[in-house]
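Number of protein chains: 2
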Amino acid sequence: MNAIQFDSFGLRSFIKEHEYEELAPQLKVAQTLLKEKSGAGAAYTDWIDWASNFDGKCLAKIKQLAKKVQQQSRVLVVIGIGGSYLGAKMALDFLKSPWYNDLADDQETKVYFAGNQLSAMALNQLLQVIGDQDFSVNVISKSGQTTEAALAFRFFKDELMKRYGQDGAAKRIIATTDASQGTLRQETKAASYDNLVVPSGIGGRFSVLTAVGLLPLAVAGVAIDELLEGAAQAEKTYQKESFTDNPALQYAASRRILYDKGYTTEILANWEPSLQYFSEWWKQLMGESEGKNRKGIYPSSANYSTDLHSFGQYIQEGRRDLFETVVRVDQIESDLAIPKMVGDGDGLAYLEEKTLEEVNQTAADGVALAHIDGGVPNMAVYVAKQDEKSLGELIYFFEMAVAISGYLFAINPFNQPGVEAYKTAMFALLGKPGYEDETEKYRARLRHKRE
Amino acid sequence: MNAIQFDSFGLRSFIKEHEYEELAPQLKVAQTLLKEKSGAGAAYTDWIDWASNFDGKCLAKIKQLAKKVQQQSRVLVVIGIGGSYLGAKMALDFLKSPWYNDLADDQETKVYFAGNQLSAMALNQLLQVIGDQDFSVNVISKSGQTTEAALAFRFFKDELMKRYGQDGAAKRIIATTDASQGTLRQETKAASYDNLVVPSGIGGRFSVLTAVGLLPLAVAGVAIDELLEGAAQAEKTYQKESFTDNPALQYAASRRILYDKGYTTEILANWEPSLQYFSEWWKQLMGESEGKNRKGIYPSSANYSTDLHSFGQYIQEGRRDLFETVVRVDQIESDLAIPKMVGDGDGLAYLEEKTLEEVNQTAADGVALAHIDGGVPNMAVYVAKQDEKSLGELIYFFEMAVAISGYLFAINPFNQPGVEAYKTAMFALLGKPGYEDETEKYRARLRHKRE
Numbered sequence: 001m002n003a004i005q006f007d008s009f010g011l012r013s014f015i016k017e018h019e020y021e022e023l024a025p026q027l028k029v030a031q032t033l034l035k036e037k038s039g040a041g042a043a044y045t046d047w048i049d050w051a052s053n054f055d056g057k058c059l060a061k062i063k064q065l066a067k068k069v070q071q072q073s074r075v076l077v078v079i080g081i082g083g084s085y086l087g088a089k090m091a092l093d094f095l096k097s098p099w100y101n102d103l104a105d106d107q108e109t110k111v112y113f114a115g116n117q118l119s120a121m122a123l124n125q126l127l128q129v130i131g132d133q134d135f136s137v138n139v140i141s142k143s144g145q146t147t148e149a150a151l152a153f154r155f156f157k158d159e160l161m162k163r164y165g166q167d168g169a170a171k172r173i174i175a176t177t178d179a180s181q182g183t184l185r186q187e188t189k190a191a192s193y194d195n196l197v198v199p200s201g202i203g204g205r206f207s208v209l210t211a212v213g214l215l216p217l218a219v220a221g222v223a224i225d226e227l228l229e230g231a232a233q234a235e236k237t238y239q240k241e242s243f244t245d246n247p248a249l250q251y252a253a254s255r256r257i258l259y260d261k262g263y264t265t266e267i268l269a270n271w272e273p274s275l276q277y278f279s280e281w282w283k284q285l286m287g288e289s290e291g292k293n294r295k296g297i298y299p300s301s302a303n304y305s306t307d308l309h310s311f312g313q314y315i316q317e318g319r320r321d322l323f324e325t326v327v328r329v330d331q332i333e334s335d336l337a338i339p340k341m342v343g344d345g346d347g348l349a350y351l352e353e354k355t356l357e358e359v360n361q362t363a364a365d366g367v368a369l370a371h372i373d374g375g376v377p378n379m380a381v382y383v384a385k386q387d388e389k390s391l392g393e394l395i396y397f398f399e400m401a402v403a404i405s406g407y408l409f410a411i412n413p414f415n416q417p418g419v420e421a422y423k424t425a426m427f428a429l430l431g432k433p434g435y436e437d438e439t440e441k442y443r444a445r446l447r448h449k450r451e
Numbered sequence: 001m002n003a004i005q006f007d008s009f010g011l012r013s014f015i016k017e018h019e020y021e022e023l024a025p026q027l028k029v030a031q032t033l034l035k036e037k038s039g040a041g042a043a044y045t046d047w048i049d050w051a052s053n054f055d056g057k058c059l060a061k062i063k064q065l066a067k068k069v070q071q072q073s074r075v076l077v078v079i080g081i082g083g084s085y086l087g088a089k090m091a092l093d094f095l096k097s098p099w100y101n102d103l104a105d106d107q108e109t110k111v112y113f114a115g116n117q118l119s120a121m122a123l124n125q126l127l128q129v130i131g132d133q134d135f136s137v138n139v140i141s142k143s144g145q146t147t148e149a150a151l152a153f154r155f156f157k158d159e160l161m162k163r164y165g166q167d168g169a170a171k172r173i174i175a176t177t178d179a180s181q182g183t184l185r186q187e188t189k190a191a192s193y194d195n196l197v198v199p200s201g202i203g204g205r206f207s208v209l210t211a212v213g214l215l216p217l218a219v220a221g222v223a224i225d226e227l228l229e230g231a232a233q234a235e236k237t238y239q240k241e242s243f244t245d246n247p248a249l250q251y252a253a254s255r256r257i258l259y260d261k262g263y264t265t266e267i268l269a270n271w272e273p274s275l276q277y278f279s280e281w282w283k284q285l286m287g288e289s290e291g292k293n294r295k296g297i298y299p300s301s302a303n304y305s306t307d308l309h310s311f312g313q314y315i316q317e318g319r320r321d322l323f324e325t326v327v328r329v330d331q332i333e334s335d336l337a338i339p340k341m342v343g344d345g346d347g348l349a350y351l352e353e354k355t356l357e358e359v360n361q362t363a364a365d366g367v368a369l370a371h372i373d374g375g376v377p378n379m380a381v382y383v384a385k386q387d388e389k390s391l392g393e394l395i396y397f398f399e400m401a402v403a404i405s406g407y408l409f410a411i412n413p414f415n416q417p418g419v420e421a422y423k424t425a426m427f428a429l430l431g432k433p434g435y436e437d438e439t440e441k442y443r444a445r446l447r448h449k450r451e
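In the order they appear, the protein sequences are chains A and B. Sequential numbering of the first sequence, starting at 1, is according to my numbering. Sequential numbering of the second sequence, starting at 1, is according to my numbering.
So that you can see chain A by itself, here it is in the shape it has in the complex (with noise of 0.2 Å):
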C-alpha cells in the first residue's frame, strides 16, 4: 500500500493521451541508463537502492551518538549548506514542525541549523537564541572546505572550546564526512571526533537518507527506521518499468511534456505551513539536477493559502509558462472544530458545522480548479500523513523522478558545475591561494560599479 497518489486530473486538458505514448520510447530510455547506471553521472546513482541496503552498523551508530547528543545537550548545532541542510530542515518540519525548537520539552533537544549563509548579524543572533543552553555540534562537509560550513565550524568550535575546554569541545563535536578524504577527515582523526560518513556515491541533494540528514533527525526523536522502511518500499514502486504503475514516471513525463509546450516555470505548492522546507528542498533536488546546458524547468514554490493572497494573482492571470504541482496531505494530525457564534456578523455560519481543516481541503479544490480554468496546468501529489514511512516514500518518489526528468532533458542530473563559476569569483575576490591569476581581473572589474 503506498503512502503517496499521484493525481494528474489537472492536466487533461493539456496533454493528450498519445502524447505519454509518443514519448514512452525515450522514457523507456532514461530508465534503461539508470537502472543499467550506464548514463551520465552514473558514478552517483547510490540513492536508487540505498534505504533497502542500509548499513546496519551504520544506523546503530547513527542512533548511539543521537542518544549521546541528547544526554549530553539541550542544543545540536547542525552546521552545513545545501544538501547538508536542507534535507534535514524539511525532514524537521514535515514530522515534527516548523515550531519544534519553540515547543520542545525537557526531554526533547532542540536543532539549530547554522553554517547555511554568511551573515554575521544572523550568526550573532543565533548564538544569543542558544543563549547558555548546553549544546553540540554536528558538522557536516564531504570535504571540510565548503566556506559556510568551516567558517561557522570555527565559530561553534571556539565556542564550545570557551565553554568546555578542548577536550570537552571534541567530545561535543560529530563531524559527518568523506570516509577517507579530506581536511574534515583530517580533522577528526586527529581529534578524535565522534563521525560518520557522507558515502561518495550520492550527492548532497540525494543525502537526506544518508548520516547527513538521519542524525539530525534521530536527535529530534524522529524514527529514522520507518523513513528508511518508507523509502525501501518506495523502491518496489519508482522502479517498475510498467508507465501505468510507476507515478515518478508519469510526472517526469508529464513535466517533459509540458516543458516542450512551453510550460517552463514549475510551483510546487503546499497547504500547510510545515510543509515549506519541502518546497526548498524541493527547489535543490530539482533545480540543481536540471538546471544546465541552459535549459530545465525553473524551481518556484508557492504556499497555500497564504500565497494566493499575494502572487496568487500572477498564478491566476499572468503569463501562461506556468505549471504547478501540489503536495497535499489527505489525513492531518490535529484539527479543529470552528467555533460557533451568535448570528452570523462574518458571514461565516455555513461553515460551522465543518471543521478547519475541511475548509482548507475544500479551498485546496477549489483553487486547483480556478488555476486549471486559468490555464495553469496543474499536478497534485496525496501524501497519506505526516509520518515517517509517507516521507520516506515522498523523498524517494522526487529523486527516482528527478533521475528520469534529468536524462529526459539528455542532460546528466547528478552534477552541478554552475556551482563552480561563483566560488571562483568569490575566493578570486577573497584573495584565496592558488587564484592569484584571477584577482586582479575580478577586482577591476568591481572598480566600474556604482557609478
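Careful: at least some of the hints might be erroneous.
To be verified - Computed, partial: chain A to chain B, Cβ under 8 Å:
1. Ser97
2. Phe155
3. Leu228
4. Thr244
5. Ala425
What the hints assert, rightly or not - With a straight-line cut-off of 30 Å between C-alpha atoms, the simulated DSSO-like cross-links for lysine-lysine are:
6. A:Lys340 x B:Lys28
7. B:Lys162 x A:Lys423
8. A:Lys423 x B:Lys385
9. A:Lys441 x B:Lys354
10. B:Lys441 x A:Lys449
11. B:Lys432 x A:Lys354
12. A:Lys261 x B:Lys449
13. A:Lys340 x B:Lys423
14. B:Lys63 x A:Lys68
15. A:Lys16 x B:Lys423
16. A:Lys340 x B:Lys340
17. A:Lys423 x B:Lys354
18. B:Lys28 x B:Lys354
Calculated from the structure, these hints are not laboratory results. C-beta atoms are modelled at their ideal positions from N, C-alpha and C, and glycine is treated no differently.
Take the given structure of chain A and dock chain B to it, following the hints.
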C-alpha cells in the same frame, strides 16, 4: 541624502544606453498617468504622498494603542493575510530580527501572525506556542469577510472570551478595518473594540505604512515616525521627472526592457536572512500588480548564500530567461571577527584578517559577477542600513517602481481581478449562500479526480 543606491552596473552587457532613450516617451506617459491620477486604478494611488501627509491624530492613536497592548499583554496576535500580514512581517524581520520573539525580553511584546493560512495543524501549534501568555489581538480586514482572517478571528476571540470573559476580550481586541463599511466595522461598533482605519485609497499590498502595518510594528518597538519620515523623504526622490535623478524610473525601465528581450522571471535576492520576508512582501507587490492579462514579470526570490547551494546551479546555467535584483545592506550592525586557528587545517587561514561580514559582502560581489558572466542581467539596490528610515525609503522605491512598471505594461497596477477566481471556486465548493448555482458544477468536476 538617500539611503538607497541603485546600481545597474550588471546590465551593461544586456541593455544599451539608447534603449532607455527610446523608452523615454512611454516612461513619461506612465509618470503622467500616475501624477495626474488619470491612469487605470487611480483611485488606489493615495500611497503616493501618504507618508508626508500622515494624519497626526492617527499616528498618536496608533502609539497609544501600541502602548496599551504592551501594558496588557506579552503577546500580540496579528490576524491578517496578504498585505495585512506581509508588510508587518517583512518590516519586523528587517528592523528587529527573524528571531524577534525568541529574543524578546520582559519589556517587549512578542508578535505572532495568524489568519494567513487555513491549516488546522499550524493554528494548533501556534496556540501551543502562545500557551498561557497574556495576549491581545489585532484583527486586520477591510471587509471583515476574508475567510482566513475571519476564521482565525473566531478562534482567537473564542480563546480571549474563555480567558478574560466577554468584556475582557473586547478590551484586548483592536480592529483595523474599513472606516464605515463591512462586517468587522459593524462588530467593532457593537462591541466597542479599539479600532483603526484601513484607508480606502490604498490597496492591501501598498498598506504597510498605514495603520495596517504600523500598529503591529509600534507594538514591537519599531520607531514608526522614522519609517514614515524615510518614506516621506523618498517621495521627493522617486517622484522626480528626471530619469537620471530617479532610480525608481531606472529600475522600472530596466525591467521593462529586459522583459521584452525574454527575461521574464525576476529573482529578488538578498544576503541577509532578515530580508527573506522582504522578498515575500515584494512578491505580492510585484506579482499582484503586474501579473494580469497573461503578462507581467514572474516574481521569484533567492536567499544567499543559502540558495547558491540549492537552485544556484539553475541560476548560473539554466534557461536564460532570468534576471536578478539584489537587495544589499551596506552597513551591518553586528559583525564577527573570524576566529583564528593554529595551522590551516580547514584552508580558511587566508580569511583570518577579515570579518564575517567582509566575506559576505565579497561573496555578494563575486556572485554578481559570476551571474552576469553566466548571462543573468543583474541589478543591485544598496540600502544604507537596516533601520527605519532606510526601510521607509526602500518600501517607497519599490512601490513607485511597480506603479510605473504597471503602466509601462499597459495594465492596471492597482487591481487584482484574478484573486476572485479561486474564491468563487472555493465558496461554491464550501456551499456558501449565494453560490448555489456554481456548487454542483464545481463538485461534479471533482468527481473525476484520482481515477
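List of violated hint numbers, smallest to largest: Hints 3, 4, 6, 7, 10, 14, 16, 18 are the ones this structure does not satisfy, whereas the remaining hints hold.
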